[in-house]
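For the sequence shown, my numbering begins at 59 and goes up steadily by one.
In case anyone wonders, no lab produced these hints; they're calculated from the structure. Misleading hints may appear alongside valid ones.
Quick list of the computed label-pair ranges, beta carbon to beta carbon [what the hints assert, rightly or not]:
(1) Ile127 / Leu203: 26 to 32 Å
(2) Ser89 / Ser185: 33 to 39 Å
(3) Asp106 / Pro68: 54 to 60 Å
(4) Leu150 / Val205: 15 to 21 Å
(5) Glu103 / Val69: 49 to 55 Å
(6) Leu190 / Pro146: 16 to 22 Å
(7) Lys95 / Thr123: 17 to 23 Å
From the three backbone atoms N, C-alpha and C, an ideal C-beta is built for every residue, glycine too.
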Amino acid sequence: MNTPRTEPRPVMLGVSGAAVTGAVLATGAGSFLSWVKHHSKQACETTDGLCFTWWDLAAIPLTITIALIILIVVYKQLDIRPRLAVIPPTILLAPLPLVAAQTTAGWWAATIAGGAWSCSLALAAWSRYRILGITASATLLLASLIVLYR
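Can you build the whole structure from these sequences, using the hints too?
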């Protein structure tokens, strides 16, 4: 008799924790990048030519590093595995849904998109929900590409 495998780990705790983490990271990254833009505008106000501040050059690597560290720690606590398969697409592809949501509806939509993006990719970590998670992630990515490039 073939019995379906039961997941030994709690799915709802991991998925909801990933959603909250994604929403917090999206809000934090948006606020930080907005602050960097404001700081750069103030610092380069008196310059007529090309002007870069230290924050302009370090903003993206710093944001990615902080997000990577937070996701590693939180996903380890939530027991979301394999982290090597979940965290890189979460970080590397997240700017597309976040920017699409930000440009169409503002910072609160980017927060929701960050939560939905992290939630859908974390859902793909469980074998029982892998198709649903990958489908939700692909749908969110395709919708963001349509919003950005139409």
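So, going through the hints one by one against the coordinates:
For Ile127 and Leu203, the hinted distance range of 26 to 32 Å is satisfied, since their beta carbons lie about 28 Å from each other. About 36 Å separates the C-beta atoms of Ser89 and Ser185, a value consistent with the hinted range of 33 to 39 Å. Here the CB-CB span from Asp106 to Pro68 is close to 59 Å, well matched to the stated 54 to 60 Å. Against the hinted window of 15 to 21 Å, the Cβ-Cβ separation of Leu150 and Val205 comes to about 19 Å, which satisfies the hint.
The beta-carbon spacing between Glu103 and Val69, approximately 51 Å, falls within the hinted interval of 49 to 55 Å. Taken as a hint, the range 16 to 22 Å holds for the pair Leu190 and Pro146, whose Cβ atoms sit roughly 20 Å apart. Taking 17 to 23 Å as the suggested C-beta distance range, the pair Lys95 and Thr123 conforms, at roughly 19 Å.
Consistency with the previously given hints is maintained throughout, with no hint failing.
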